[in-house]
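From first to last, the protein sequence lines stand for chains A and B. Start counting the first sequence at 0; every next residue gets the next number (numbering that gives the first Met the number 0). Start counting the second sequence at 0; every next residue gets the next number (numbering that gives the first Met the number 0).
By construction, these hints were calculated from the structure, which means they are not laboratory data. Fair warning: this is a prediction, and the values are worked out from it, not measured in the lab. You may find that some hints are simply not true.
[Claimed, not checked] From the structure, some residues in chain B lie toward chain A, with a derived Cβ separation under 8 Å:
id, residue
1, Cys8
2, Pro11
3, Leu20
4, Gln106
5, Ala109
6, Arg110
7, Thr189
8, Arg190
9, Ser191
10, Gln193
11, Ile259
12, Thr265
13, Ala266
14, Tyr268
15, Val272
Every residue gets a Cβ at the ideal spot worked out from N, C-alpha and C, and that includes glycine.
Take a look at the letters that make up each chain.
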Amino acid sequence: MQTKDFKVVNKSVTKIDAMSLALGKPSYVADFKPEDTLYVKMLWSPHAHARITSIDISAAEKMPGVAGVLYHGNVPRVPHCTAGQGYPEPSPYDTFMFDTKVRYVGDRVAAVAAESPEIAEAAVKAIKVEYELLEPVLSIDAALKEGAPIIHDEPDCSIPIPVPYEPEKNIVARLGMEAGDFDAGMAAADFTFDHDYETPYAQHCPMETYVAMAQMDARDRLVITSSTQVPFHTRRLLALTLQIPVRRIRVIKPRIGGAFGSKQEFLLEDVIGMFALRTRRTVFWQFDRQENFRTGRTRHPIRFRIRSGVKKDGAITAMGMDAVSNTGAYGGHGLTVIGCCGSKVLPLYHCDNIHFDTKVVYTNLPVGGAYRGFGATQAFFAVEQQMDMMAEAIGMDPIAFRQRNHIKVGESSPVFAALGEGKEGVPMTIGSCGLGECITQGADAIDWSRYTPHTEKTGRYRRGLGMCCLMQGSSVPLIDMGSAHIKMNDDGSFNLHIGATDLGTGSDTILGQIAAEQLGVGIDKMIVYSSDTDMTPFDVGAYASSTTYLSGEATRKAAEKVFNQICQVGAEMLDLPVEEVVSEDEEIRAKDGSGSVSYADIALYSLYEKNQFQIQDTASHITHKSPPPFAAHFVEIEVDTFTGHVKLLKYVATVDCGTAINPKLAEGQTEGGVMNGISYALTEEYLFDEKGKMTNASLQHYHIFSLRDKPEMKTILVPSYEDTGPFGAKSVSEICINGAAPAIGNAIYNAIGVRMYSFPFTRERVWNAMREQGFARKS
Amino acid sequence: MTRLDTMDCEFPETLADALELMADDTTRGVPLSGGTDLMVQWAGGVVAAPQRVISLAGLPELKGITLKDQCVVVGAGTTHAELRASEVIQARLPALAAAAATVGAQQIQARGTIGGNVANASPAGDLAPALVITGGAVVVAGVHGERRVNLTDFFKGYRSIDLRADELIVRFELPVNPDGSREMFRKIGTRSAQAISKIMAACRIRIEDRTIRSVALAVGSVAPTVIRLTELEAWLTGRVCDEDTIAEAVRRTVSAVSPIDDIRSTAAYREWVSGSMIRGFLDAFFNAEARERR
Chain A
0 MQTKDFKVVN KSVTKIDAMS LALGKPSYVA DFKPEDTLYV KMLWSPHAHA RITSIDISAA
60 EKMPGVAGVL YHGNVPRVPH CTAGQGYPEP SPYDTFMFDT KVRYVGDRVA AVAAESPEIA
120 EAAVKAIKVE YELLEPVLSI DAALKEGAPI IHDEPDCSIP IPVPYEPEKN IVARLGMEAG
180 DFDAGMAAAD FTFDHDYETP YAQHCPMETY VAMAQMDARD RLVITSSTQV PFHTRRLLAL
240 TLQIPVRRIR VIKPRIGGAF GSKQEFLLED VIGMFALRTR RTVFWQFDRQ ENFRTGRTRH
300 PIRFRIRSGV KKDGAITAMG MDAVSNTGAY GGHGLTVIGC CGSKVLPLYH CDNIHFDTKV
360 VYTNLPVGGA YRGFGATQAF FAVEQQMDMM AEAIGMDPIA FRQRNHIKVG ESSPVFAALG
420 EGKEGVPMTI GSCGLGECIT QGADAIDWSR YTPHTEKTGR YRRGLGMCCL MQGSSVPLID
480 MGSAHIKMND DGSFNLHIGA TDLGTGSDTI LGQIAAEQLG VGIDKMIVYS SDTDMTPFDV
540 GAYASSTTYL SGEATRKAAE KVFNQICQVG AEMLDLPVEE VVSEDEEIRA KDGSGSVSYA
600 DIALYSLYEK NQFQIQDTAS HITHKSPPPF AAHFVEIEVD TFTGHVKLLK YVATVDCGTA
660 INPKLAEGQT EGGVMNGISY ALTEEYLFDE KGKMTNASLQ HYHIFSLRDK PEMKTILVPS
720 YEDTGPFGAK SVSEICINGA APAIGNAIYN AIGVRMYSFP FTRERVWNAM REQGFARKS
Chain B
0 MTRLDTMDCE FPETLADALE LMADDTTRGV PLSGGTDLMV QWAGGVVAAP QRVISLAGLP
60 ELKGITLKDQ CVVVGAGTTH AELRASEVIQ ARLPALAAAA ATVGAQQIQA RGTIGGNVAN
120 ASPAGDLAPA LVITGGAVVV AGVHGERRVN LTDFFKGYRS IDLRADELIV RFELPVNPDG
180 SREMFRKIGT RSAQAISKIM AACRIRIEDR TIRSVALAVG SVAPTVIRLT ELEAWLTGRV
240 CDEDTIAEAV RRTVSAVSPI DDIRSTAAYR EWVSGSMIRG FLDAFFNAEA RERR
């Protein structure tokens with residue numbers, strides 16, 4: 000590993016927005032709402048699948064205080080997708096602002112804008128709708144059945160890229176790849192395995208639900224303030240759906256109260272934008288928690304069949320993944336999530352014979368979207384449990400088995416080249432990998448030497464150890480782009496303008512650190528402003544684990560250019576060639592010690608004295624690879640065999656994210672992601688009635704893992720140095736959510752000898768598995 | 000949003016004043032103590048918010064925990080936080096102290112009261128099993144005087160208690176856990192805090208020389224209201240607490256409960272785990288007694 004002597008980077012500087020947030024200063028969308036605001040309420044579909052045969056908005060429109068009603072009869076019909084992705088999107092255009100058909104409980108029917116939320120609510124109740132009920136499609140099997148009802152039977156849905164799209168079969172996407180000879184690999188194995196796994200729905204549950212506000216400015220431009228991860232995609236989708244030019248739209252993202260992928264979506268802005276254009280008023284809309292669950296985006300539930308073969312010496316001879324993903328009523332992110340089941344998972348272990356065959360189906364259930372981990376979370380649950388099964392069959396310790404097989408520096412995988420985002424991927428050789436060290440340090444921290452097989456355990460309470468290895472990516476290569484602009488001020492401070500989107504992750508801070516490091520100044524000299532389509536250069540937004548690696552490198556490049564200008568002006572002031580000066584302590588100094596000028600002097604000189612110009616520059620960046628961060632997670636649990644309760648005792652997360660630009664924030668990302676993953680593994684669950692309506696759409700009944708159950712947690716950052724990243728950095732935010740379900744699943748097996756093929760690991764599900772697999776009590 | 004300031008709210012200063020208000024149709028209102036059940040039900044539209052509310056907060060007659068003649072007298076306005084922190088409750092009614100510590104989360108424990116928990120009459124009310132194993136009583140009052148009702152009779156059915164419209168719950172009289180007896184409480188929810196019970200159970204038992212001398216068992220969330228397992232108690236009394244006895248007790252427990260599927264769990268799991276909880280209690284008591292004999 001390359002070591003570097005950093006001054007600002009790799010230091011836990013305080014988050015630049017921490018104090019204002021702690022003091023409760025106006026920060027979030029709702030804080031900026033003026034007195035004179037219209038409020039939106041939506042009439043949501045009570046049916047999972049129905050055609051609207053008639054709709055009467057006249058009573059609602061006439062109510063005092065109602066400023067407008069929108070429905071399919073009075074807005075343009077523009078096919079689009081709600082996924083905030085690159086252009087053209089790898090998602091079907093299967094959504095309309097309002098349609099004559101509803102496709103899930105929580106789909107849009109009609110919207111009201113009124114002087115108060117209460118009036119809007121009353122007006123919504125006054126809208127009369129008649130439905131022709133259609134048979135709802137409530138499972139993957141029902142969607143794929145011969146003669147199944149067609150969910151998207153409208154003639155104008157399509158996908159804007161050349162990939163399979165078969166709405167007449169309820170199929171949103173198909174994706175597959177083969178490497179080597181899978182069947183031969185299975186035949187060559189000493190042991191083969193063939194198991195089915197299933198992963199459930201989940202919602203991101205950010206503190207701040209979806210929220211956005213629309214206003215017309217003095218020059219008749221539409222200004223949207225939105226809690227969005229993708230301001231530039233939102234602007235593009237607004238122009239499309241409202242049918243106005245991009246130049247008439249400005250999108251601003253203020254602080255966000257959490258997103259985790261849910262806000263990589265275009266769910267509110269078209270409606271409030273349309274109301275603002277029609278009323279010339281400020282229009283505000285925020286989902287309540289029930290709307291956030293029912294209409295907000297979710298994690299795609301996926302069904303897996305994993306087939307694999309292993310030789311007695313530990314060589315993996317074949318790895319096959321067949322998967323079907325349920326995208327719900329609309330197809331956004333369907334193709335890319337299932338793609339990441341392969342691209343972010345299968346390269347982790349050496350294997351020459353790979354089979355990958357997947358499809359994504361529509362159902363009349365809540366809509367899948369982007370959620371931290373993005374397919375890798377689902378696939379690792381299956382693959383990492385199967386890894387343990389293979390290790391057990393050949394009598395090898397699970398850790399030794401993984402150490403033997405995991406990908407290492409200088410190695411590649413055919414999967415990288417085969418699987419991309421809606422097209423082929425990009426070949427890649429691993430340039431940095433601290434996974435071996437992650438495994439070693441994590442095993443020490445949990446004391447893996449205590450690992451004994453379940454057959455030796457007795458009594459009511461049985462302890463188990465489990466672990467798993469993980470990878471993810473860092474940005475989408477050759478597709479995603481980020482850019483930065485930096486200018487120097489009179490006092491030697493700098494404005495950093497970035498399109499990148501801080502979701503509470505701290506990216507404004509770490510991009511400021513990266514610029515400061517390159518410019519040779521302290522973080523206090525950086526004034527960071529981000530995510531405003533009028534004021535900041537383009538960035539795809541916060542997703543695909545890209546901000547640090549992609550926007551960070553754009554920022555570093557811009558800072559490098561500005562730094563060179565500073566050196567030039569400093570040399571000019573010192574009357575020396577630029578080769579004869581160095582930068583130190585915010586000064587340009589003559590190498591021979593003959594003189595120095597401060598950054599502030601240079602700024603004043605360049606702005607006011609001679610050869611005046613604005614010291615400033617901009618840079619853009621695309622990546623040619625998506626270097627994976629790596630992680631190993633370890634957990635110790637105790638199963639109460641009298642109740643099926645899985646109690647977490649200790650959780651160790653080790654992660655190689657290259658250089659941690661801000662170690663405290665990287666640890667925070669890891670701990671938060673681990674808790675998020677634990678919650679998904681143990682307690683969160685979507686419950687539906689027989690008509691497809693979610694029955695527990697509240698935080699009272701949808702249970703997020705509580706702090707009182709939090710185990711002892713330890714996070715270990717294992718540094719490596721990724722040459723292609725800014726100061727050696729890779730991503731860290733997504734990978735950490737992937738480990739809890741497989742590690743706990745492996746620990747449950749180690750405790751009681753029962754294998755969990757689905758989760759959450761509730762008491763009911765553990766007990767059912769104990770019964771089905773013939774768990775016998777031994778005293 | 001439900002707001003108290005949009006309701007007609009009375010703040011009587013004495014119990015007598017409160018009972019006067021409750022006595023008359025025209026002045027009566029919904030009694031409100033900590034509000035941890037009612038405010039949520041009103042806000043969520045589960046129950047329509049009433050026009051009129053009688054606040055019981057701060058009534059001195061409803062406060063206090065005192066030990067009198069082998070009986071703990073607990074005012075209806077005692078909060079869960081006060082219950083769990085009380086040395087008397089911890090020492091003499093340990094199952095009740097344990098149950099109070101599992102209600103909601105600490106914020107709810109600070110406001111919610113024992114009287115409110117019982118008046119809410121939820122089948123999943125956390126305190127109910129710990130109360131009924133004491134064999135104690137609840138005292139209710141109206142303007143014409145007090146009425147003492149055995150707790151097992153007080154819980155009449157689903158969301159139904161033996162309380163008239165003009166009455167208020169005043170206090171609980173709970174016989175202490177006698178010397179030589181032990182108590183346990185166990186709640187099973189999805190998580191440790193902020194979870195309504197899937198099931199919970201409480202037990203008071205005396206074992207001497209491996210023989211069960213007396214036992215009281217109650218289970219909640221498995222029937223329309225909390226249930227005492229009286230037939231099982233009778234069967235267990237006088238028996239040697241060995242594996243055969245425990246296995247039969249589990250079988251009898253499972254057949255005594257009548258749980259349902261709902262948003263929190265399944266009938267099948269509740270049935271199985273109610274047996275497991277009784278096994279857990281008997282195992283623990285038997286092992287503890289065995290340790291002491293050694």
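Against the structure, the hints:
no.	hint	verdict
1	Cys8	22 Å, violated
2	Pro11	31 Å, violated
3	Leu20	31 Å, violated
4	Gln106	13 Å, violated
5	Ala109	15 Å, violated
6	Arg110	17 Å, violated
7	Thr189	4 Å, holds
8	Arg190	5 Å, holds
9	Ser191	4 Å, holds
10	Gln193	6 Å, holds
11	Ile259	14 Å, violated
12	Thr265	6 Å, holds
13	Ala266	11 Å, violated
14	Tyr268	4 Å, holds
15	Val272	5 Å, holds
In this structure, the earlier hints numbered 1, 2, 3, 4, 5, 6, 11 and 13 are contradicted, and the remaining ones agree with it.
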